[in-house]
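Asker: Chain residues, written in single-letter form:
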Amino acid sequence: MILEIENLNLNFNNENKVVHALKSINLTLKKGQTIGIAGESGCGKTLTSLALMNLLPNNASYSADKLHFNDKDLLKISKQERHSICGIDISMIFQDPMASLNPALTIKTQIEELLIRKEKLSKDEIKVKIIELLTLVGITSPEKRLNSYPYELSGGMCQRVMIAMAISCNPKVLIADEPTTGLDVTIQAQILALLKSLQQKLNLSIIFISHDLSVLSNFCDEIYVMYAGTIVEKNKAKELINHPIHPYTKGLLACIPNKNSGIDLPSIPGIVPDLGENLIGCRFMNRCPYKKDSCIEFSSVQQTSNSKYFNCDLSEAELKVNKWI
Amino acid sequence: MDIVKLQNLTKVFKIKEGFFHPAKDLYALNKLNLKILKNKTLGIVGESGCGKTTLANILMGLEKATSGEVKIFGQSIELQTSEQKINTQIIFQDPHSSLNPRKKIWKIIAEPLFIHTKLSNDECKIKVAEALDQVGLNPNMMDRYPHMFSGGQKQRIGIARAIILNPKILICDEPVSALDVSVQSQILNLLNNLKKELDLTLVFISHDLSVVKYFCDEVVVMYLGEIVEHSKTKELFNSPRHPYTKALLDSSPDLYDLDHQFEVINGEIPSPLDRPTGCNFITRCKFKTNKCSISPPQTNKEKLSYSCHHPLNL
Amino acid sequence: MNFFFTDILKELKKNKLAFLGLIIIFTFIIIALLAPIIAPHNPSSVFPNSLTIAPFIDGQFLLGTDDLGRDILSRLIYGSRISLMVGTFCVLMSLSFGLLTGLTAGYFGGKVDSILMRFIDILMSLPSILLAIFVVAILGPGLFNAIVAVGIVSIPSFARIVRASTMIEKEKSYVKASMTFQSSSVRIMFNEILPNCLGPIIVQASFAFSEGILSTAALGFLGLGAQAPMPEWGIMLSDARSYLLTAPWLLTLPGLCILTMVISFNILGDGLRDIFDPKTKRRK
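Residue numbers (our numbering), protein chains in the order written: chain V, 1 to 325; chain Y, 1 to 314; chain W, 1 to 284.
Warning: the hint list may mix true and false statements.
Computed spacing ranges between beta-carbons, pair by pair [stated by the list, open to error]:
(1) Y:147 x W:190: 40 to 50 angstroms
(2) W:223 x V:147: 51 to 61 angstroms
(3) Y:147 x V:57: 13 to 23 angstroms
(4) V:147 x Y:299: 54 to 64 angstroms
In silico BS3-like links for lysine-lysine, alpha-carbon gap of 25 angstroms or less [unchecked claim]:
(5) Y:104 x W:172
(6) V:308 x V:292
(7) Y:85 x W:14
(8) V:72 x V:144
To give an idea of the chain V side of the interface with chain Y (calculated C-beta under 7 angstroms), a few residues [claimed, not checked]:
(9) 41
(10) 46
(11) 49
(12) 50
(13) 54
(14) 181
(15) 184
(16) 186
(17) 215
(18) 217
(19) 218
(20) 221
(21) 262
(22) 264
(23) 324
Keep in mind that the hints were calculated from the coordinates and are not lab data.
Each residue gets a CB set at the ideal place from its N, CA and C atoms; glycine is no exception.
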């Protein structure tokens, strides 16, 4: 187990209220595995990764029973050690590649910055390593690209440069936060193929965050579905798509147009609850067609197998019978 | 009946590359031929640089064609009167920037009425209430500002604004791309219902193939400013003719076909300033031959329309 | 528009320094409005028996008198009227011309933009005081002409800010939406774009106010602005030049007034800029 998160809770302390952004997040990542975190905007998927990487704003406070990387407790080690793990052993790539690269620096300078930080190499050795990295991520004629600025590259190329930067220090875990959102479909396929090949070559473990369930279903071994700061379901990718248990997962899958869709697409009525209110019980309750009275107070996490759990007061058998209305 | 007819539509932008260099020609659209039929939903699919936004701008009258003809209801777009121009309306991709943040939403929706009718404020408010009702929003909210609404609600407001003058053609420029999946389906349902109620013809621009497959009657695939394939939805997805269409379909992850092997197509879209000679797709096509680099393919206009020297699935 | 201004006030209250600036300005406005009531004497009244009295000595003249026997306190109070009026008219003038130029240049772009911006560049290429002196030399000395000169000199800052904001807003879809309704250009510029440019304009107006007061006082100091016997703070500074060692209060008191008013507008402007700058918001 390379990454273990148990009972992660995160709050934002604003002047007049506290926002309970993440509640009881449990996540595990094995070596060489790819897990996906799915959910809509505001569900907390990016926040989870930011909490792991210690990249939160000042008014955020979080706690966890376990936040272990390679059996090291990230909450108990020194600041320097955490700083060296997050960014080098665990690295991250972000959504908008054009905006994530510094527009005023050349590609070479930006990748150099990272290499100088970890490894003590001479200037020539660095240049060789950079060309190696750029070739690894599939950039043609890397020597010509060294002195290019980000605005001269396309979206797909910028994302490749970001990936090169992320793998430059041989990380063990790569967090990819919506890396292909906003890219063309054919480029998306290239980037996904690249990530898969890098995973095999470098024995990476990947956390893939996306709102696009179809990408996750094809790319990940296991998928976590998040809603309003909680994990509502986790299962193997194929199982989750073909046999969703939690009503939110069912609803989400029903809304995606597919060959079985009728003339009117189903939708999930209502809106996400205000996380500033102290929410007890199930956060999906007000939009759930199967809600019972007990849902107001409880929502229990039911672990029905090694790789499957879901957060609902109804039993798996009860939920299996119901399709999304 | 042809509501919209495009003939040899070309749009060229002059790009200056420096003080001492002559301006280069950027062919955003190159000899487009297209007919859009009444009450159909036409999907336009393509990646960045294919020209779909330029096409939408030309249909809306925001840009003028460099050459070729654009006819709406048989009338050339340049000769349209103000009343005729408002028959075509558009809804935009980003719900957050498509509404003026400093105006109350009733004023935003009533803007077309202020410009084209002589109705008083109260009469406008009545029409706005009707429009809000049609798009599924509570008319009591008309005195609020846009930032008080969610993304899905803002998109509904944008739709209310577009339909208030009873247009005949509605161009939807990626209307659900910026919305969550659960909201997306609501907006798609709304558009379908409005199409029936208001007798609309829809032009649906999107990059999301699963949405296009569900929503559109016919699909046009664009690449580097040209139409490479145009056919009925079912036929396009079941047996694509053009290699680029096939590449798009192969690259798209399918939710229910998890064993589907991604076919990755190499290379990037060439710069429109640097078009390849012959067929545009030659730099990335698996099936290319010598013929493809010599001459651009003719458009085959039998039952389906496609432009390829070696079409697939025949 | 109501939510806009109440929001600004709420945010300002959080920034103690900026709020202090606002309070000071408000105090000056009250003093200026109530000048005839609170000033102990007429600012032009001469008291030949009480020449150059130091402050806090004579109960009748709290802040002393100048070399002509005029009460300094009354002159300062009436001077605040002139300074506020000067600032207001300068800002109004530069804002209106700057706004029109900036909006038109930003909206139409192309040749229109080039031509208008060249005029603005010409105005900017001359040092502001020199330009103001030049204008006053043509129009003749006097407070009103000084205001016009300073107003002209401040046009470029507004023009460039409005032009930049216009160019950003023009690309947004709500402007495109208006264009699709065949809205006239004028309507789009003033109805759609202008309300969204207000943030930077308000910030610049605050700074322009203080610049206006300072520049007009400088012109007054040079004898090119307000003329005697007006109780303008700049003239008071000029008249007191030879008394620096013998009667320093004649220089320091009007100087302090100018300083206070200018600083207040500047810190208010800083506070407003922090409110409107989205990047500072995120850091908080």
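Asker: So which of the earlier hints does this model not fit?
Answerer: Hints 1, 4, 7, 8, 10, 11, 12, 13, 14, 20, 21, 23 contradicted; others consistent.
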